[in-house]
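Protein chains in written order, with my numbering: chain A, 1 to 254; chain B, 1001 to 1199.
If you're looking for bench data, these hints aren't it; they were derived computationally from the structure.
Just so it is clear, CB atoms sit at the ideal spot from N, CA and C, and this is done for glycine as well.
It is possible that some hints are incorrect.
[As the list claims (entries may be wrong)] Derived CB-CB ranges, DEER-like:
| # | chain 1 | residue 1 | chain 2 | residue 2 | range |
| --- | --- | --- | --- | --- | --- |
| 1 | A | Arg154 | B | Gly1149 | 45 to 53 Å |
| 2 | A | Asn107 | B | Glu1119 | 22 to 30 Å |
| 3 | A | Ser60 | B | Arg1028 | 35 to 43 Å |
| 4 | B | Ala1156 | A | Ser227 | 17 to 25 Å |
| 5 | B | Gln1047 | A | Ala89 | 33 to 41 Å |
| 6 | B | Asp1120 | A | Glu200 | 47 to 55 Å |
| 7 | A | Gly99 | B | Ser1046 | 34 to 42 Å |
| 8 | B | Lys1013 | A | Glu136 | 54 to 62 Å |
| 9 | A | Glu200 | B | Val1034 | 49 to 57 Å |
| 10 | B | Asp1080 | A | Asp149 | 41 to 49 Å |
| 11 | B | Arg1028 | A | Ala193 | 23 to 31 Å |
| 12 | B | Glu1082 | A | Glu131 | 49 to 57 Å |
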Amino acid sequence: MNSGPASGTLFFEDMFETTERGDGAHTRHAAAISARRIGFVPAPQQPSTASKPEQAPKPSKAASTRAAILGAATELLSEHGVRGVTVEAVAESADVSLGLLYYHFENRQDLVRAALAEALDHYAYRRPPQELPPAERLRTALSQHIGVDAEAARQDRVYAEAMRAAAFDPAIRPALARTLEGWNGGMTRLVTAAVPQLAETHPEAPAETATALTALVDGLQQRVRSSLLPAERGLELLALATGAVLADGATDAD
Amino acid sequence: MPTDAKAQKPASKRDRILAAAAQVIGERGLDAFVVKDITARAGVTSQLTYYHFPNRQALVRGVFQYAAERAPSVNLLHRDREASGYEALRGALHAEFDDSPEVRDLNLIWNEVTALPIEDPELAEAVRRATERWNEQVTIGILRGLADGSIETAAAPQAVAELLTALVEGLSQRWLAGLIGPDDARRTLDVVLSTIRRA
């Protein structure tokens, strides 16, 4: 069902736990994880012996320049999309010369790939409050992605940009696959908690249901983003679908 | 108003340009395609291309319309009168996920145009109408299944149609991005479709 590495789920668990703290700590933690995991061009299966000698443990000036350029690119990406990530705009916003930018990134495509991977690896799902009943947690987790939550909408826009770009650039797929795996994995756990008997009918049923729900949310979200569907109607349709899933377990779910 | 674009007459020069444009955009995407490549593939002069499509926006609108009119799930839906309403609906929606270049290009164009906020107001209006038409056609397909007893649902047919088309779009993104295969997409679609099938 997915092509991501098996470790992606583990990564998402990390995210899930850290986002729950609700303070700034998770951002730093997530940054440390993504830096450790992928470097900047996603190649998860690359052996560590292949890493370049200049990537020494202590942060060099070059590394901080690279990070500043990447930070500026990621910022432009989430504000203006892939189209907004031009070498000129990034160089200006990072306050570096074009020459220095090209020293760190071969070309615009290289920069766009790195920015997408960076943004995707920071994609943090907001975990619904623990005190809610399982059915309510599932509803909340899904509906926050239909145009009501500004922070979720900002992240989802980058996710959509990456989806669109991945159709023509396979290098973007690994980071995207990890994000999708996290999205599906988190929802699978919420579906399992909300409708426990689903797993009894078929062990794969919660994952299949979760995948259908996330795909539906992606589709509805796209229409809301393109102003083809009012957010209220999107939420109404989502409630209909979630209601149908929950109805399967109406007797046991709280 | 449903139109069967292919049935009318032999491909005009305009259609030849659009067919070539669908291929080129399917390969390179909306942001990177080159008009010269389209002209070369269609075997027409660039003057003729500019006569039909004076600018890039006009060409994109034309190609979107071309793709929307050929969407498999709309065109196949009412063709098979023998099948039950449920089977006709399922077959038509499944047909959207197909790695053959023709189907993939049509999906890619739809996806390229709709994935992000649409800047050209005329194009936005065309997308709104095409989405509406798609929802209407799927609604009719559901009504047919309700009438012949192959579909059962407590929800409004229009709402079920909107859910199904949104689901197809969500799955289509993943398929075109290379994250899932067409069979995965169909399987997920079946998870949802099976909830409205009457046993």
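Exercise. Where does the structure disagree with the numbered hints, that is, which hint numbers, in rising order?
Worked result: 11
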